[in-house]
Amino acid sequence: MIRAVFSALLSHWLKSPLQAVALFGGLALATALWSGVQAINAEARQSYARAAATVSEGDYAQIRGALTLSDFVTLRRAGILVSPIVEGRLNGVRIIGVDVLTSPTLTAFPTENMNEIEGPAFYGTAEALALVQLAPEIGKVVVEGAAPNTVYADITLVADLLDRGTEIDRLIVLKDQPVGAASPEELGYKVTPAQAGTDLAKLTDSFHLNLTAFGLLSFAVGIFIVHSAIGLAFEQRKPMIRTLRAVGVPLQTLIGLMVAELVGLATVAGGIGVFLGYLVAAALLPDVAATLRGLYGASIEGTLSLSPIWWLGGVVVSIGGALIASLGVFLKLWQMPLLAAAQARNWQTNGPLRRLRRGAVILCALLGFGILFFGKGLVAGFVLLGALLIGAALLLPGVLSLVLSLGQRMASGVLSQWFWADTRQQASGLSLALSALLLAMAANVGVATMVSSFRVTFVQFLDQRLAPELYIYAETEDEAERIERFVEPLVDAVLPLVYQDTVVSGVPTEIYGAKNHSTYPDNWRLIQGSEDPWGQVARGAVLVNEQFARRTDQWTGTEIEIEGRTFVVAGVYGDYGNPIGQIVMTQAVFSEVYPDKRALRFGLRVDPDKVQNVSDALRDFGLSDDQIINQAAIKSLSKGIFEQTFVVTDALNILTLAVAGFAILMSLLTLATMRLPQLAPIWALGLTRNRLARFEILRALIFALITSAAAIPLGLILAWVLLAVVNVEAFGWKLPLYFFPLDYVKLVIEALIAAVLASLIPAMRLGKTSTSQMLKVFANER
Amino acid sequence: MFLEVSNLAKSYVTAQIRTDVLRDVSFGLEQGKSLALTGESGCGKSTLLHLIGGLDVADAGTILLDGLDVTGLNDKARAKLRRETVGVVFQQFNLIPSLTVGANLVFQARLNGRYDPDFAKLLALRLGIEGHLDKFPDQLSGGQQQRVAIARTLAAKPKLVLADEPTGNLDEGTAAEVLALMLGLVRDAGTTLLMVTHSQKIADQLDQSIKLSSGRIL
Amino acid sequence: MNARIFALLCILLPSFALAQGFAGLGTKADDFALPEKGYQFEFPKDHGPHNDFRIEWWYVTANLTAKDGTPYGIQWTLFRNALEPIAAEGWGLEQVYMGHAALTTPKAHYATERYARGGTGQAGALASELTAWIDDWTLTQNTISAAGPDFAFDLRIDVVGPLVFHGDQGYSVKSAEGQASHYYSAPFMKVDGTLHLPSGEVEVSGTAWLDREWSSQPLASDQTGWDWFSLSFDGGEKLMGFVLRGETDYTQATWINADGSTEPLGNGAFQATPLEWSETSGPEVPTRWAVMLPQKGIDIVVEALNPDAWLPLSIPYWEGPVSVSGSKSGRGYLEMTGY
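Sequences listed follow chains A, X and U, in order. Mapping of the first sequence onto our numbering: residues 1 to 782, in sequence order. Mapping of the second sequence onto our numbering: residues 783 to 1000, in sequence order. Mapping of the third sequence onto our numbering: residues 1001 to 1339, in sequence order.
The set of hints was computed from the structure by calculation and includes no laboratory data. It cannot be assumed that every hint is accurate.
As the list claims (entries may be wrong) - Listed next, the in silico DSBU-like pairs over lysine-lysine satisfying Cα-Cα at most 35 Å (straight line):
1) X:Lys903 - X:Lys941
2) A:Lys175 - U:Lys1328
3) X:Lys983 - X:Lys815
4) A:Lys332 - A:Lys768
5) X:Lys903 - A:Lys776
6) X:Lys858 - X:Lys815
7) X:Lys983 - A:Lys768
8) A:Lys776 - X:Lys993
9) A:Lys776 - X:Lys815
10) X:Lys858 - A:Lys15
11) X:Lys858 - A:Lys776
12) U:Lys1045 - U:Lys1190
13) X:Lys917 - A:Lys776
14) A:Lys175 - X:Lys903
15) X:Lys941 - X:Lys858
16) A:Lys610 - X:Lys858
17) A:Lys768 - X:Lys993
18) X:Lys858 - A:Lys768
19) A:Lys768 - X:Lys862
20) X:Lys941 - A:Lys776
21) X:Lys939 - X:Lys993
22) X:Lys939 - X:Lys862
23) U:Lys1037 - U:Lys1296
24) U:Lys1067 - U:Lys1296
25) A:Lys776 - X:Lys862
26) X:Lys983 - A:Lys776
27) X:Lys917 - A:Lys238
28) X:Lys917 - X:Lys939
29) X:Lys917 - X:Lys903
30) A:Lys776 - X:Lys939
31) X:Lys917 - A:Lys332
Because the structure is a prediction, the values reported are computed rather than measured.
Whenever a hint applies, use it, and build me the whole structure from the sequences.
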């Protein structure tokens, strides 16, 4: 019996290939987007788990100063686990030597390539390795996607290469110290504490969370499609189910077989989805890699591996999604009386569902407000986002109905009245697909706003911070003095960049001594400040960055203590991308606080036309290329990085929109079978099929328009949450929100195009419906 | 002659089998008269009605309706014909589900510009649906729905009313009641009526009657 | 430490590669010195490192008892691995030291490891007296101490008997092909002191056994691991015996009388048969053995105090305290490698 029933059930798909495509495509697409984003995420995480280990040495407490091998041994013999680092530059490449035997950050080295070489080797990108011009007998391991311009090796090689003997630049203090170990302070060493929040992983978490949110969203959109397809199949199979039950197939068997059928389908579709997701990820990965590398200096390898856990995960997600999407249908089937009439209208909206939806909206609102006022942390921020999105999606049918009834009331003509009424009736059947569109659009608006705001802020910030046209670096204090004397007459101003790392109010902080020069008041924008902040600074006050202000809750007007002296905070400036605190005081005050500290770096104010002349002169004076940095070059590099971000967000935007469009198409096709009884009377009363088809397209446009109108404010709220809540939690600073009306217009147009494209096929089918099919609506034999 | 049908033929091809639904059908009907089309199920009577109403297109022959050759009309002109000249009452699903009963009632009249609120109100009263005007069609019983369909058709003041088993889905008592109302109203308005029915009893109440069998007039 | 570091070591320190047999002991000797029969030990010089040999260890195990009778065991090991047969000062990787420390209770097993370069002074051993160290872990004639993230021990040592030389006066043959090492022990040591456990400090006392061994190629290429026993019987006699597992097993043993006099026992005299295997945090290993030495009337069962004494370190193996029952009773240590 089971075989016979099963083949009867399956025969439906052969008869309705479009539905099979919808169900299959929906599941596959949903899984693809989900697993694609997961793949990018996983790959990124894995790759810069390595990079993070070296980049985030800030994760560890450190001992700095004039150190040698004997300091290292003294500490180790005292039971304090430390690991030495020797660092330097060669041909402009940063060279880092670690002790492979004691380093906690060795994960930066890839193990896969290691078996290919014998003995100690240098690790880095091909470019960096080539630049260093190492002796041929020393092994070199190319690590694609390693930190740019950096070469790593064992301390033996680096100390030798840089001719450093037993000198050490710093000692990393390991996290797991043995029982009863002494503290470095007891031995007279000063420890710089780990810089809380400098963890690269934490920074990139924001990007990952964004991607994950995207993935979830895409999956939700896909599930909407599946829901529609399953609903349709259920409707159309009702007569078959009725017949099967009438001939004595138990309901349990029937439902069991349908679940089995669904799971089978979902397994295959999920498998295909994982493969598609892999393709999407592979296509996007180079850009993602570039984005992450550019944004955070994190590296990510440009290759993907398709692990079994991936397949499994994708398939499980697919099956889970399909079961969730079909839950309602199976419940309905369970309760359906044997002789239920086929094609019950509005199967998607009924009283309990509406009440459930209202309850969920209220819950989301409460949750959202609760988090907004009482929540803390990154997770809370994302829960707020989720509550916002789900609440809005649930609210959409209500909003649609409201707007459409308003339209109906305003309409005067008989046809326009019918049009609005009919549109309103349609809305319930399309609400799932439209919710998908709403989510997709809102996320696009939100992410576009966030990324663009980030760009605007960052470019402004670069302009303010990188005001000097040239930067020069000296190796020693003597050299610094000589350079300063030499360059002084050549330029408009020399701005020494002198700083000291310290801890203020418990926060790791850099103290900068700034020369009293118009560059600062002209370019630095404060996000909060007293009157004439720079005047106050000149009189001995200080400015602090936002990170410092937020972490210590010390804003304008408060007093802070630095090295035993008290300073008034005259203002707070935005300091984007910097993980630690920063305080600016005048050079004069700085030299009182840190009399021994001399500037090794200088910013030069030069007429832009003379930049080349000045750098040539400096080169002739004996400075190497890596000691002179042209500001324009840094800026163009930084700005280029953002273009990469847009490539990825754009690609994901279009993908989600396409999936939402597919959801609309499938919903419309589902509804098309139910549409005929609704449209046939109008046709009989004297409207051509073509006119009705045009109405159908217009209707889809109006739906998309209303949804867009709801999506833009929702997206902006989303962006606000991302910038003012999530970003503060993830990065420690608030990003100003900028509006990009043209982007939104573009998005609305894209959404309208998607809606029109989605409605085109059902409309064309309507236009070509034969008269006999129309007439069947009225005939007895239906 | 108000309606003149000559040598009308129509066939359908389904599953590669050609079925001649109507073969060489000719008849005429005077203005203001009523005609019953009877015959067995599948004899082609509904198809004949559809062809006259511009709901379907004939293969051969002519239909002259008030001097207009219906068979030669394109899609748009046939829509105009349905809107302005004829009114159709089907067995079921006559009403637009998204509109209220009231809106349905005046729909066609407003569509063809012959909307007369007083007349519509009168029709509602006479058909006993005045209390249901704010309801939606699916809140009405079958009989009530057919009354609304009849009212909707008459409110549009068509020259020809086409009715396809208008009471076929109703129980006997209701059917008789609705039919009596309809015939009375058609007569009062002086409208020509062509009705498809399988019931000889109903056919007897009309002025004329023709019987179809296998697509031919007997 | 993690697997990556181990992989690194495989590259940096070719002698670590497991593919070449356990701990690389089966690799070729190249330019390194080879053990010689008839070598005259010289003390204290031979307590110090033999940098021209590829591998060397200072290996202490101790069976301890707390006042409440609970048995404990500790292990303190310093390995020296030479990449080149020379010693130089500085960051060079000629001599690499690896320290293992472990503490075994009936219910728990703690282990940790350290790495160091010989040229820096971070680890090493003296030729002037018995002193070996890595970081803060030290072994001298009078003390032994080590600490990990979750345990530490600090014990006083009292040497109560002579040094013991294995094999042919300290020339210990490891295979039929003639691979060998220099091998002596100090099995007569009394210890007492403090164990630091997560649950608190425990005062203990007991006996310890020091093994000193160095070689450049102590295993044949087909030998994949060994089962090594150091047992102290209640009557004061001791037994060191090992089985080297290869295509054919190779066994050696030393019978140590209570006065320190020894009787070497050649291949085949010592027999050890697994009786029971146990799950560990590593692979399954035998934790109950039948040990026979017919020449001495030994027919005993050796059983692990804690079957899961697996050291999950960059070179993983099993090492833990055992108890002896049967024809003689006593306790000791068991080491199993290459599983």
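Tell me, in ascending order, the numbers of any earlier hints that this structure violates.
Hints 2, 7, 14 and 16 not satisfied by this model.
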